[in-house]
Amino acid sequence: MSDEEHHFDNKADAGASKTYPQQAGTIRKNAYIVIKQRPCKVVEVSTSKTGKHGHAKCHFVGIDIFTGKKLEDIVPSSHNCDVPEVTRTDYQLIDISEDGFVSLLTENGDTKDDLRLPTDDQLNAQISTGFHDGKDLVVTVMSALGEEQICALKDIGPK
Amino acid sequence: MEQQDLQCSMQAVEQSCAALHVSDPGIRSSAEATLLAFRKSPHPFYACQYILENSQVATAKFLAAATIQEAAIREWTLISPEEKSRLRSYCLQYVMARVETSEGYILSKILSVVAALLKRGWLEYTQAEKASFLEEVEQAVAGRHGLAAQRFGISLLEALVSEFSLSTASPMGLPAEFHDKCRASLEAGYLQKFYAWAFDASVMVASKALEGQGENQESAICTVAIRLMTQILNWEFRGKLAVLGKSRASTLSSSPASRKSSEQLQLWHDLLVSPAKVTWILNFYEHIHQKGNAWLDLPLSVVVRQLIVLMCSLNGSIFPTDGAGTQEQHLQRLLNCIISWIDPPEYVISAVLAGTSERQTGTLSLLSSLTCGIIKASCVRESEEPSWTYEALEVLLETWTVILQPADLSQKVPLPPSGIEAASAVFQTFVEFEMKLSESSALDEDDADDMAAFSDEAREDRLSAVALIARTVPSVSLSLLTMLVSKCFSEIRQSLGSETTTRCLEQLHWLTILSGHVLADPGEGETPTVPESILAVSAEPATHPAVSLSFALIDVAQQSLDATFRTTLSPRMMEAIVWFFGRWVETYLMPDHAGRGPSSTPSGHEGQEVSVGVLFDGRNALNAAFGKDGGGPAVLEILVRVALTSLTAWRGEQVLQEYVSSRLLPALVRRRNVCVQLLSMGSWQELATVFARQDQMLLSLSDSVQRALSGCLCRSAQGLANADAANQLSRWYVKDLLMPMAASLAEFSGRKDLATFSQQPNVIHQVSCVLERLRGAARETIPRTQKAIFEVGVSIMKPLLVFMEIYKNQPSVVYLLLKYVVVWVDAEVVFLEPKDTTTVFNFCVQLLSVYSAHNIGKVSVSTSRSLQNEAQTEKYKDLRALLQLLTNLSSKDLFDFALHADENPDVAQVVYLGLNIITPLISADLLKYPKLCRQYFTLLMHMLEVYPEKVAKISPEGFSQILGTLEFGLRQQDVEVVNMTLSALGALGVFQYQALCKGDDGLGTQSRTSGGDDVLSHFLKLLMHFLLFEDYSNDLVEPAADALLPLILCNTALFEKLKQELVQRHQDVVSQERVSTAFHSLSKGIEITSTIDRSIRRKFRSNLFVFLNDLRGFLRTR
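Residue numbers (the working numbering), protein chains in the order written: chain F, 1 to 159; chain L, 10001 to 11118.
Think of the hints as simulated: they come from the structure by calculation, not from any bench.
Check the hints yourself; a few may be wrong.
Reference listing, derived: stretches of chain L covered by chain F, where coverage requires no fewer than 3 residues with Cβ under 8 Å from a Cβ of chain F [unchecked claim]: (1) 10456-10469; (2) 10500-10506; (3) 10651-10657; (4) 10708-10720.
Note that the Cβ used here is the ideal one computed from N, Cα and C, for glycine as well.
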């Protein structure tokens, strides 16, 4: 249990749930943004004006980085938007439990056991078969606004 | 063939034709297969004829006709001359017999089959054969065999002309040379006759054609005949006979042929420009015109109109060299008639009342009143979709442009007084109309279209045309604009914050844009000068119309600096102001030639102007107002303030900021003398300081603005003293600008808590900004700032490597970082000393390895498909940047070709290392992006051509990867990619062959694949198969020959084996003989030496052409 305590401390330090203000006009395609309290990746930005002689406004189309749902927002381009802190951390995979939780090795030698296998079938299959074939796998965990998910996998080869 | 069989195949074809319309894809595709097989079947002529005669299904008949053409051309060398002429006369008789039926398109298809057959044999027939055939056609066209035959004769000529014209020729499986010979033969010997026949035919039937409702046989003949005439006039004449378009004529030397062609010219002249012939055509149309509106849309009227347009554009050597007198008469003849058709009654009446009945001067006035009328009419019908008025105005403005600005400036004539009046009237009407339009549209909500207003080409064209008209009457137009600008602006200042303000803003916006067009030309790579007519206005500095208008707008700009007044203005208004000054600055502000006296004008032309004395006045006035010693610096100060305010006070207005950074600022730093002034100004220094301090104000600008701003600031270093100290000063200046940012990068990278600190969005934002700025600065490197930019770059090498590592999961930062390095290397690579080169090379290799370490074998999957696509695109962009980096690095050896061969680090080694690192990242999927694909193969070709010996040193995995991509490249659709692949293969082959001759190792162990097969042999097989059995562009044969030769030489045994395989495919001796003869011709005259020189290559290329001509069609049809 103490391990887990320690781990939470780490997370708090990383400030994973923090957001930062940034002027809407400077947020580009492929950047991150908070829309309706969800962390999103911007896949489309367009600017327009409120009437011919009005001010510029930005129209964002974002995709929720965890659920893949599409969200939209319109903000005057001189206003600030919330930008989430999105981090990706690599962990070595040490175990997959039967109930679908994974056990990961952190940098300082602790384990992190609170994550499930990803919902994506392809990635899931790759992790499971790779692990059962005895490959050394490194998984990337993406976290933002206090939420976490395995998002990528790398085979560092049997060494 | 038996009757039964014919019946069967007809039924099969008919059924398949019907099945093409069935919705079930399975049935449809099997029907397609049947039809294709029918088309490819050997000697299908009887079956086709049977179908043509007996089938009731139109599509089947059409298909049969097409099959005759295809098969006859495919088997041309195999069928006897008798058979060929039998086919031709069969087709002709077929058409003759059915000319009354309604299946027009089948008949015209068959006519085009005849035309294709004639063309295929054209160079084989004797003169007499052709003459006798054409005589028959002439008889028909002259109407001696009745109306039906006449029509069919003309249609045959039409088909013939279109078959012989290069752009509409059908494929014959022969080299382009063949088509060109046919074209030349028809052009020299027959076109003229055809035209004359068609003309005579139309004269013959004309009176009958005008009877009735235009639907009788005669009018159809007339239509076809005139269509043939237009078709002939549209023919692309070459050489002396350049009858149409821009005169490409009279370059032929005086050979005996030229006497003949001058006779021909005379004949053409008689046919096309002789008054009788032209008048006949005009009268003919006049008759149609009088028949009323119902006739105007008939095909007959359409083709006659086309013919008249073509007659108007006659040009070149068809007119005798009599000082364009004949041409003028010709045009006048046409114009007189045309004007009477467009001249509406009310203008004729008003012209008569005004007493100006003369046509000569009336043309411009007419044009003017017509233009004004159209503009007014478009006021009324404004709400509609692109209306007729829009189109009409377009045509009229184009006419004005042609009159005012002829393509050949020496032909420009001054406008008569009536013309000047006409021009002012048009300009005034236009301004009045647009002002009304602006006022009414100011409150429109839908702004989507208007955002792109400046770049909208149609609008741009229109404004330029109107500006051209305005410039012919500068005093009138500029004063009008000045008055309106002042009026609008004072109204804006009075009525604060009401709807009226918005209306005035929209008007002022439009006036500003128009003023920009009238006062100045877009630079676009050239140095624009003040329009001559504006320069010619002589006036006191204070009252010169151009000065007044400029100051009216400078006043607007200056007021916009006021923080309280600014709230009244709109971003859109500011955009127009900034756009205007971006254009204006280059032409008017502190011009380089300021103060240049009459003695120093270099060209005689300018000297003339000055000696007139009047022109000098206009220049004086402008100099006094905006010159370096006049009002220039004060205006410059205002403009810099406007730029600074637009960047800082108009938060989030990206369009405005982009205009500032991509139009206004670049215009300011383009010229040295302006830079000198800039650097001495407090406002510029303020901008530089805010920039260097990484002030939050400027950090909130968007990426492209950051880059452009940074580039402009660095570029202004060219204004530093032009002495020995200049370089040193520039270095300090640039370092002052950039070093603080480099230092903050270094500081970040050294932080203990970097791992968490670096991931904060605000830090990411700042790092991205700095990278963008550095990239902007590097892009604008000029010789005197090169050193400084290099030093800044070196100072951040370490931090960049750290960032590459730490931001491995932030693809956007990685991309910016790569882009910066690409641009920086590109800017620096030419200047580098050997020592520096090593530093740069090492850095790049490290960067590549860090990148690849994090990206090889990584699979990321996301729940969302579009996020997945985004990730793929990001990867693609990264790789493009990396390839660009390698290409930039490989260009180093081109610059240092002769210098320090030993001292320089080995470029090839570095690039190969790079390739080794990134080839595993390039997947077949990524190569589907055309740009990436081209870039990759360009680099690969370059490296294999220049440094094949390095191939041996690359790792086996890398090598097989490269070979894999070569095989991939060979299968691409993109001709260029295949071409580069072939060059790369050829280079590889030559290298191996030379090594074999010298007894070297060559590719060594690399050349064996895991299966033990020789890789080059593999490619030899592939290439042979490609050449003989696949579809490719003819352009590829030459590069393929260059690649094939060394591959054959490397492995002659295998080549022999391939040949035997092909021979053995055939059962009969004749075919076997044919294949081996073809192979023999391929190696004919090729002597085997240890080097493959150019003459051998050339020989082999032509051999390969012969070889493929002989064998390809033969092998593929069997």
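Kindly indicate which numbered hints from before are broken by the structure, ordering the numbers from low to high.
Hints 1, 4 contradicted; others consistent.
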